[in-house]
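Trainee: Next come the chains, spelled out residue by residue.
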Amino acid sequence: ILNVEQSPQSLHVQEGDSTNFTCSFPSSNFYALHWYRWETAKSPEALFVMTLNGDEKKKGRISATLNTKEGYSYLYIKGSQPEDSATYLCALDRDDKIIFGKGTRLHILP
Amino acid sequence: DAGVTQSPTHLIKTRGQQVTLRCSPKSGHDTVSWYQQALGQGPQFIFQYYEEEERQRGNFPDRFSGHQFPNYSSELNVNALLLGDSALYLCASIWGGGDSAWGANVLTFGAGSRLTVL
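Protein chains in written order, with my numbering: chain G, 1 to 110; chain D, 1 to 118.
Bear in mind the hints are in silico, worked out from the structure with no lab data behind them.
Be aware that one or more of the hints could be misleading.
Just so you have them, the derived chain G footprint on chain D, three or more residues with Cβ under 8 angstroms [said to hold, decoys possible]:
no. : region
1   : 40-52
2   : 68-79
3   : 103-111
Yeah, the Cβ is synthetic: ideal placement off N, Cα and C, and Gly gets one too.
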C-alpha cells in the first residue's frame with residue numbers, strides 16, 4: 001500500500017508570517033509529485049507538479065521543493081494572507097494512480 | 001470551457017440502497033478518476049476509467065463499480081450502501097496524453113457529490 005504522509009495535520013499561522021509543511025512518500029520510482037490547494041466549498045486545484053529530484057517550483061508567494069532520494073517535498077508560503085486558508089493536498093503519481101495524503105489544513109489568523 | 005461537472009450535488013440514501021453518481025469531464029479530457037473523501041481523510045482513489053474500461057482500481061470492494069461512456073462521461077455506482085459509505089465523492093479528469101503545460105498528468109476536479117447514508 002502506497003502511503004503519502006503529510007504533516008502537520010493542521011496549522012494556524014498569523015497573517016503576514018511565513019510557513020511550510022511537509023509531504024513524505026516512499027522514495028522509490030514514481031512519475032510525479034503533485035500539490036493541490038482545496039479551499040472550502042470549492043474543488044481542489046493544482047498548484048505544482050514536480051518530477052525531478054531538486055525540482056523547485058514557484059507561484060507568487062508559494063513555492064515547493066522535491067527531494068526524491070529521501071522521499072519528501074516541502075511547500076512554503078511566504079507572508080501568509082487570508083486567502084491562503086485552505087487544505088493543501090500532496091499526491092504521488094505512481095503506477096498510473098494518483099494517491100493523496102490526508103492534507104494539511106492551514107488557518108490564517110487576522 | 002466547462003470544467004468537470006458532477007451530479008447530484010447532495011443526496012441522502014438509506015442502508016442497503018444503491019446510488020449512481022455522474023461526472024462529465026473537462027472538455028478535451030478522456031480519462032476519469034473517482035475518489036472518496038471521508039471525514040478527516042484525504043481523497044481515496046476508487047478507480048480510473050479510460051477508453052470505457054476500468055484501468056486502475058484502489059482498495060474498494062466490488063460494491064463500487066463504474067462505467068465510462070463514449071463521450072468520456074462516467075458513472076460511479078455503489079450497491080448495498082453502508083453507513084461508512086457516507087462521504088464526498090470527487091470526480092477528476094485528465095487527458096491521458098499528459099498536460100504539456102504542466103509536464104505531467106494533472107487532475108481537474110469537480111465539486112463533488114455529498115452522499116449521506118442513514
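Trainee: With reference to the structure, classify each hint as holding or not holding.
Mentor: Status of the hints after comparison with the structure:
| no. | hint | in the structure |
| --- | --- | --- |
| 1 | 40-52 | holds (count 7) |
| 2 | 68-79 | violated (count 0) |
| 3 | 103-111 | holds (count 9) |
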